[in-house]
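Here the structure of chain A is known, so what remains is to put chain B in place on it, guided by the hints.
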Amino acid sequence: MNPDRYQHISDNTLLEKFYADKDNHWLGILLQRYTMLLLGVCMKYLKNEDDAKDSVQQVFLKAIAELHKYKVAYFKSWIYMVAKNHCLMKLRDRQGKAPSVLNEQTMMMEEEVLPVQAHLEKDRILDAMSAAIEELNKEQKQCVTLFYLDKKSYTQIAEITGYSMMQVKSYIQNGKRNLKIVVERLIKQP
Amino acid sequence: MNNNLLNILSNSSKDIDNQQLMDYLAGKLSEEEKHQVELQLVNNDFMNDAVEGLDGVKDKKDINLFVEQLNRDLHKKLLQKKHKKKKRKMLQQRWVYAAVILILAIIIATWLMIVKYQGLKP
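Listed in order, the protein sequences are those of chains A and B. Residues in the first sequence are numbered from 1 upward in steps of one, following the working numbering. Residues in the second sequence are numbered from 1 upward in steps of one, following the working numbering.
If you are wondering where the hints come from, they were derived from the structure by calculation, not from laboratory data. Where is the CB? At the ideal position from N, CA and C, for every residue including glycine. It is possible that some hints are incorrect.
[Stated by the list, open to error] Below, simulated BS3-like cross-link-like pairs (lysine-lysine); rule was C-alpha separation at most 27 Å, straight line: (1) A/Lys17 - A/Lys76; (2) A/Lys47 - B/Lys61; (3) A/Lys53 - B/Lys84; (4) A/Lys90 - A/Lys62; (5) B/Lys60 - A/Lys53; (6) B/Lys61 - A/Lys53; (7) A/Lys22 - B/Lys77; (8) B/Lys87 - A/Lys17; (9) B/Lys82 - A/Lys17; (10) A/Lys47 - A/Lys90; (11) A/Lys141 - A/Lys151; (12) B/Lys89 - A/Lys22.
[Claimed, not checked] Okay, the calculated bits of chain B under chain A, using three or more residues with CB under 8 Å as the criterion: (13) 24-37; (14) 56-69; (15) 76-83.
The following block holds chain A by itself, in its conformation from the complex (with noise of 0.2 Å):
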């Protein structure tokens, strides 16, 4: 199976394919797009290579069984869900805690873009994200002027602040998530 002959096929149309004709050829190709990543999420969760690797299997074997059930709008998501979950059940029966199970829709809800920002006028949005960033701490400012206004790395982030990259990346993806919250507040008030 060569992956790089159907380059040019989205996602959603290999789906489509495959419901048309029922083939798992298409599945194959589609879930091959998939296998870096899936290794990547269940090696950050598992932190083993074995497992990882035998939980990507296992992935691969829910992901066609479902398949087959019930259609799929948006394969990415999905399969993503699929993977977390299966390694969270694993950490459970390791662990033997329950820890919360995913659906589709929260990972839509995560992946929406600010609902605000289509309506309201460019300048407003600005002026609200100016005085937004004044509101984050000192760490998280400092983290989201450098990353988005400076166009830095992580790399020069941590050399620059002195502070760890998981800290960097952790005060860019909260400052992010902050700054939303702040500017929805800021524009919502008359």
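Same frame as chain A, now just chain B:
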């Protein structure tokens, strides 16, 4: 500057191909290219989790080997499923043929009996 500010609110994410991801993990990209990859990572939880996980693989050269191995296994499993499906279909077809032959045999036998019965009538 203004557009950069607006980019913070944007959640658009382009897909990063496997090679670019490997180059990123191997530290082969320039700072500018790294920043471009990281912009996608911030917007894409799937990609971000994957990068964090792949970063934990001891020997990065193994990643491609693991991926190839997993793809080979996937291909093998899909072929096995295809063969099983074909076999099941053939078995179903055999039953259809057997049923058709049986029905034809019953019709012929009934017809022969009718002919014989009518021949016996005075």
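Okay, the hints, checked on the actual structure:
no.: 1; hint: A/Lys17 - A/Lys76; verdict: holds, 17 Å
no.: 2; hint: A/Lys47 - B/Lys61; verdict: holds, 17 Å
no.: 3; hint: A/Lys53 - B/Lys84; verdict: holds, 25 Å
no.: 4; hint: A/Lys90 - A/Lys62; verdict: holds, 14 Å
no.: 5; hint: B/Lys60 - A/Lys53; verdict: holds, 15 Å
no.: 6; hint: B/Lys61 - A/Lys53; verdict: holds, 15 Å
no.: 7; hint: A/Lys22 - B/Lys77; verdict: holds, 16 Å
no.: 8; hint: B/Lys87 - A/Lys17; verdict: holds, 23 Å
no.: 9; hint: B/Lys82 - A/Lys17; verdict: holds, 16 Å
no.: 10; hint: A/Lys47 - A/Lys90; verdict: holds, 12 Å
no.: 11; hint: A/Lys141 - A/Lys151; verdict: holds, 14 Å
no.: 12; hint: B/Lys89 - A/Lys22; verdict: holds, 14 Å
no.: 13; hint: 24-37; verdict: holds (count 4)
no.: 14; hint: 56-69; verdict: holds (count 8)
no.: 15; hint: 76-83; verdict: holds (count 4)
Figure legend: structure checked against the earlier numbered hints; every hint is met.
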